[in-house]
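**Q** Let the sequences and hints guide you as you build the complete structure.
Residue strings, one per chain:
2 protein chains.
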Amino acid sequence: TQNAALQSISDVWECIDSHTRPLTAELIPSHASLHRVLAAPAFAACDQPPFHQSAMDGYAIAESQNNTWQIIETVFAGDMPSLPLRPDQCTRILTGAPIPDGTLAVLKQEDCILDGSSVGSARPWKPRENIRPRGSAFQQNTPLIPAGTRITAGALALLASAEIQQLQVRRHPTALHLVTGGEVVPAGFPLQPGKIRDSNGPMISALLNEANIPSSIQHTGDDPSLLSEVVASFTGDLLLISGGSGPGDRDHTLQALTESGFSIHFSQINSRPGRPMIFATRGHQLAFGLPGNPLSHFVCYHAFVRRALARLMGTPAASLESATIHGDLLDPHGDGRPTWSPARISLDHSIQPIAWKHSGDLSPLATANALIFNGADQKKSPVAPGPGTCHYLPL
Amino acid sequence: TQNAALQSISDVWECIDSHTRPLTAELIPSHASLHRVLAAPAFAACDQPPFHQSAMDGYAIAESQNNTWQIIETVFAGDMPSLPLRPDQCTRILTGAPIPDGTLAVLKQEDCILDGSSVGSARPWKPRENIRPRGSAFQQNTPLIPAGTRITAGALALLASAEIQQLQVRRHPTALHLVTGGEVVPAGFPLQPGKIRDSNGPMISALLNEANIPSSIQHTGDDPSLLSEVVASFTGDLLLISGGSGPGDRDHTLQALTESGFSIHFSQINSRPGRPMIFATRGHQLAFGLPGNPLSHFVCYHAFVRRALARLMGTPAASLESATIHGDLLDPHGDGRPTWSPARISLDHSIQPIAWKHSGDLSPLATANALIFNGADQKKSPVAPGPGTCHYLPL
Numbered sequence: 001t002q003n004a005a006l007q008s009i010s011d012v013w014e015c016i017d018s019h020t021r022p023l024t025a026e027l028i029p030s031h032a033s034l035h036r037v038l039a040a041p042a043f044a045a046c047d048q049p050p051f052h053q054s055a056m057d058g059y060a061i062a063e064s065q066n067n068t069w070q071i072i073e074t075v076f077a078g079d080m081p082s083l084p085l086r087p088d089q090c091t092r093i094l095t096g097a098p099i100p101d102g103t104l105a106v107l108k109q110e111d112c113i114l115d116g117s118s119v120g121s122a123r124p125w126k127p128r129e130n131i132r133p134r135g136s137a138f139q140q141n142t143p144l145i146p147a148g149t150r151i152t153a154g155a156l157a158l159l160a161s162a163e164i165q166q167l168q169v170r171r172h173p174t175a176l177h178l179v180t181g182g183e184v185v186p187a188g189f190p191l192q193p194g195k196i197r198d199s200n201g202p203m204i205s206a207l208l209n210e211a212n213i214p215s216s217i218q219h220t221g222d223d224p225s226l227l228s229e230v231v232a233s234f235t236g237d238l239l240l241i242s243g244g245s246g247p248g249d250r251d252h253t254l255q256a257l258t259e260s261g262f263s264i265h266f267s268q269i270n271s272r273p274g275r276p277m278i279f280a281t282r283g284h285q286l287a288f289g290l291p292g293n294p295l296s297h298f299v300c301y302h303a304f305v306r307r308a309l310a311r312l313m314g315t316p317a318a319s320l321e322s323a324t325i326h327g328d329l330l331d332p333h334g335d336g337r338p339t340w341s342p343a344r345i346s347l348d349h350s351i352q353p354i355a356w357k358h359s360g361d362l363s364p365l366a367t368a369n370a371l372i373f374n375g376a377d378q379k380k381s382p383v384a385p386g387p388g389t390c391h392y393l394p395l
Numbered sequence: 001t002q003n004a005a006l007q008s009i010s011d012v013w014e015c016i017d018s019h020t021r022p023l024t025a026e027l028i029p030s031h032a033s034l035h036r037v038l039a040a041p042a043f044a045a046c047d048q049p050p051f052h053q054s055a056m057d058g059y060a061i062a063e064s065q066n067n068t069w070q071i072i073e074t075v076f077a078g079d080m081p082s083l084p085l086r087p088d089q090c091t092r093i094l095t096g097a098p099i100p101d102g103t104l105a106v107l108k109q110e111d112c113i114l115d116g117s118s119v120g121s122a123r124p125w126k127p128r129e130n131i132r133p134r135g136s137a138f139q140q141n142t143p144l145i146p147a148g149t150r151i152t153a154g155a156l157a158l159l160a161s162a163e164i165q166q167l168q169v170r171r172h173p174t175a176l177h178l179v180t181g182g183e184v185v186p187a188g189f190p191l192q193p194g195k196i197r198d199s200n201g202p203m204i205s206a207l208l209n210e211a212n213i214p215s216s217i218q219h220t221g222d223d224p225s226l227l228s229e230v231v232a233s234f235t236g237d238l239l240l241i242s243g244g245s246g247p248g249d250r251d252h253t254l255q256a257l258t259e260s261g262f263s264i265h266f267s268q269i270n271s272r273p274g275r276p277m278i279f280a281t282r283g284h285q286l287a288f289g290l291p292g293n294p295l296s297h298f299v300c301y302h303a304f305v306r307r308a309l310a311r312l313m314g315t316p317a318a319s320l321e322s323a324t325i326h327g328d329l330l331d332p333h334g335d336g337r338p339t340w341s342p343a344r345i346s347l348d349h350s351i352q353p354i355a356w357k358h359s360g361d362l363s364p365l366a367t368a369n370a371l372i373f374n375g376a377d378q379k380k381s382p383v384a385p386g387p388g389t390c391h392y393l394p395l
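Protein sequence lines, in the order shown, are assigned to chains A and B. Letter 276 of the first sequence, counting from 1, is numbered 276 in this note's numbering, and no numbers are missing. Letter 118 of the second sequence, counting from 1, is numbered 118 in this note's numbering, and no numbers are missing.
It is worth saying that the hints were derived from the structure and are not from the lab. Just to be clear, a hint being listed does not mean it is correct.
Same chains, same names: a pair is fine if it fits in one copy or spans any two.
Said to hold, decoys possible - DSS-like cross-link-like pairs, simulated, lysine-lysine; straight-line CA separation at most 27 angstroms: (1) K126 - K108; (2) K357 - K126; (3) K108 - K357.
Bear in mind the structure is a predicted one, so any value in this text is a computation, not a measurement.
**A** Rendered as structure tokens:
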């Protein structure tokens, strides 16, 4: 176990990556796969289109010496031609309908001259024009969606059109959020003098919910033996512990993790907020000891826990982006320690820090959609990507 | 009723806006408000912090002539001081704990000289330092979150910390998706020759699901009387009809809407895809007749239906953004008609069109996260915002 303070955000991210393995896969019905992450590529189960198809409303024509054809039937989308074409015959056909055997091309309706039951061509035409051959979009057994893709509404439409019934997706991780601290009162309980309402609980529950992660929550107060017991018997994938990560008299998180067989990979990092922050693993299980202060909790979830979640799901992790900054990004502490600040990024990709009074003030969370990263990351990031710009993490 | 083709995307959007009213509000518990849209501002129900609070681990000090204080007790976060301070007394205090009556300032632990049970100051101090006064983050009855805000995980934390139990949010709209066309076969039914699988159903269901809109689906085949009956008896907020919006023999959407008392605001627009597209209202109910082709369906949902949804929810509508384009954006039709194309926007805000073979090819939907808008919008948008750039709508 390694206990030194990690000095750069890149080091922290690399440490998290190197100790986190993608979850196993499970087979689920495609129709239930919205927002799930593919663990293996999805292969087409049919040709698309499934038959030679007309791309236009018009006439499917056979060969003809004099460019004139007798109409033998009409085929709407969904119907099948009942007759093959012989020379000098054509079939009136609608967009999406299967073309009859013997079709050389489909002439667009507006390029035809209709004379009773016969059709002539008003323009030169080319063989195969306005025909979508069977399998021309994709063929059966073609890989359609790569592993690591999160299934969107559009992807669901593609899966349906490709007759893909089942998918290999990453299993949902299961999470437990432990809220420590005798001063923290869960929703629904009266707030005695000196106590504060638990806001980390609803925050983490919603964040995990948005990441499709079923979670439960437990409040352990200031009882170190209850904390140790719950950590020891934890059977899920991701354990988030709120508070108690520092070195204080009532900080028991590090001890509870160590005693329960977790290996501590770091317990301090060079980040504001987040200096006292723990990352530990036990087999495939991950644990984070996060600062109890809600604004710090929020930042550390986005900057560090999400990194681990991406790795669990086999998806690319969010990385620092750059944007034009509006307003001042002061370093109120003047110590140059890398700092994350809530901010709002606009549609024009400019970013504005959100003013906040102190770490007990959660008002910035009402509208924050980004975290500005202010400070040098010794390994990779310069202080800012250019004059009037900054690095940020989108939320 | 007005039936002319609208010529610019701005005209279409303005028409949708002008015929769509925000939904009524409903009162719900705050803890169930994730992703809901505030219909009224949320006001703080308590002061934050709820008491004068120490911002540091250290000593709450009273007045003293000689800058030395006797420690009378220790107060942890969550505890209450049992004794007020008298001159020359101090209380050991932890971050977040309530300060005792008589406190002038909190001295940081590292700025103090501890001598048995008495404390001296190693530095000059200022009155009120390291104290967060009650209500200094926000005060009871202050507006905290403006109307029109979508509740995020961060906002939930703020609501909890402000003891806000209930919120006025926009009612969920209810939607019905009608899939017309005899060739379209829903999931779970065998695909006879000449038929195609319904992909619009799963697509729209997922898109509405992501927008928190409960929806149901009905397949009406090619039966115009069934379509008319369902449209006439529709009692929800949003009716989406897939297919049958054009002027063809089997296109019954316009007639069904008109006969059922809907006012048609447009039935054609200058957009590819989407030329035959219907927007109609009946009282507060909205109806869209969307192209049945799945790629067109997808585009028209994002470009037009989402506009109406934003207006129903009282949120800002997504507007065209600009980005650097990688790759060529050809106009394969050469007619200059404004065209939407699936594209992928990267973290560096460059955008790349996704190649697709024909409108039956849904492969681009696996990875599309933007629609490039190619073409002049006569009213507002130039052809492109600059050389090597384009307009796009984020998905």
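**Q** Against each hint, give a clear statement of whether it holds in the structure.
**A** Going down the list of hints, with the structure as the test:
1. K126 - K108: Result: close within a single copy only, 12 angstroms intra versus 86 angstroms inter.
2. K357 - K126: between (72 angstroms within a copy, 19 angstroms between copies)
3. K108 - K357: between (68 angstroms within a copy, 19 angstroms between copies)
In this structure, every one of the numbered hints holds.
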